[in-house]
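For chain A, the structure is supplied; the task is to place chain B on it using the hints.
Number of protein chains: 2
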Amino acid sequence: MDPKAKREALRLLTNGMYILTSGAGDRLAASTVTWASQASFKPPLVMAAIQRNSNVLRCMREGGAAVLHILDRTQRTIAQKFFSTTKRAGDSLNGEAYTTGKTSAPVLRNLPAYLECKVIDIREEYGDHAIVILEVVDAQLRKHVKPLIVADSPWRYGG
Amino acid sequence: MDPKAKREALRLLTNGMYILTSGAGDRLAASTVTWASQASFKPPLVMAAIQRNSNVLRCMREGGAAVLHILDRTQRTIAQKFFSTTKRAGDSLNGEAYTTGKTSAPVLRNLPAYLECKVIDIREEYGDHAIVILEVVDAQLRKHVKPLIVADSPWRYGG
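For the record, the sequence lines run as chains A and B.
Residues in the first sequence are numbered consecutively from 45, following this note's numbering.
Residues in the second sequence are numbered consecutively from 45, following this note's numbering.
Treat the hints as calculated values from the structure; they're not laboratory data.
Treat the hints with care, as some may be off.
Since the list can't tell identical chains apart, any single copy or any two copies may satisfy a pair.
[Claimed, not checked] Keeping only pairs whose Cα atoms sit at most 20 Å apart, straight-line, the calculated SDA-like set for lysine to any residue is: (1) K190 x R117; (2) K146 x E179; (3) K187 x E52; (4) K86 x S98; (5) K146 x A49; (6) K146 x A68; (7) K131 x V189; (8) K162 x N99; (9) K131 x Q95; (10) K162 x A133; (11) K48 x D182; (12) K48 x G203.
Okay, chain A solo, but in the shape it has when bound (with noise of 0.2 Å):
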């Protein structure tokens, strides 16, 4: 196999780019992630890939809950702010206001739309990500927008 072919072309494939936040406990964590997709109707699935030393997915693993939130295509700037290690500061993390959901997973405030889930299952054996299986549990819609996707913002993830 070419790796240059095998780059290129899985780097075709469009992702959107999303925060994911979860908590266990006193601890909260949020990440930008880019690798997710619908994966049931019902019931209503999500399936994300997770680096498998990230905060993130320990809180998942802990916690059983995870709140995926979609970014308007405006709103590369917070994006980049979960890039890094989650800092809280009162009610925000990295500098984003965060509410207290239906689970123990922090909501974030100024992101148009999320879906509140469930964690049903976490597989680590197949990859150097967590294929995490996601049930969505609530959903909030705030305002119809154009969601940010990796291929319209200065980052890469894939190939």
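Same frame as chain A, now just chain B:
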């Protein structure tokens, strides 16, 4: 949960449109799919959620291989061809020429890039789609393109 909010928030997840092909013995299947994403760098994995009663899933189960083809954003008519049952005529599937790849799955000739994959696992216990884990074993980039995405198409799949 408000079903309308759930549907609309899920439809803000961004997906590309792909043609997924598979083969087992004499049987070939090809289908337009949208719920797919990379899932690991090492090994290079892709995850896809596929309708459980589909021929393409049956072929993947029996043949153990699949090819995920990227569509250029001008190739909506090719996407539409693979909404319906696969019909082979000579060396074409639903009117699209194919060749045999390195695996048992057919490779379509008129698409700009593809990922040839070995089926690693098929998980049917979660929802109304099977989650298929694929390892990329070969890839070709024939042309740099802007890929077709669901949001730029007349179709929706999700919610």
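Now the hints, each set against the structure:
no.	hint	in the structure
1	K190 x R117	both (6 Å within a copy, 18 Å between copies)
2	K146 x E179	within (14 Å within a copy, 37 Å between copies)
3	K187 x E52	between (34 Å within a copy, 10 Å between copies)
4	K86 x S98	between (29 Å within a copy, 17 Å between copies)
5	K146 x A49	between (44 Å within a copy, 15 Å between copies)
6	K146 x A68	within (13 Å within a copy, 46 Å between copies)
7	K131 x V189	neither (28 Å within a copy, 39 Å between copies)
8	K162 x N99	within (17 Å within a copy, 31 Å between copies)
9	K131 x Q95	within (18 Å within a copy, 40 Å between copies)
10	K162 x A133	neither (26 Å within a copy, 46 Å between copies)
11	K48 x D182	between (41 Å within a copy, 11 Å between copies)
12	K48 x G203	within (9 Å within a copy, 35 Å between copies)
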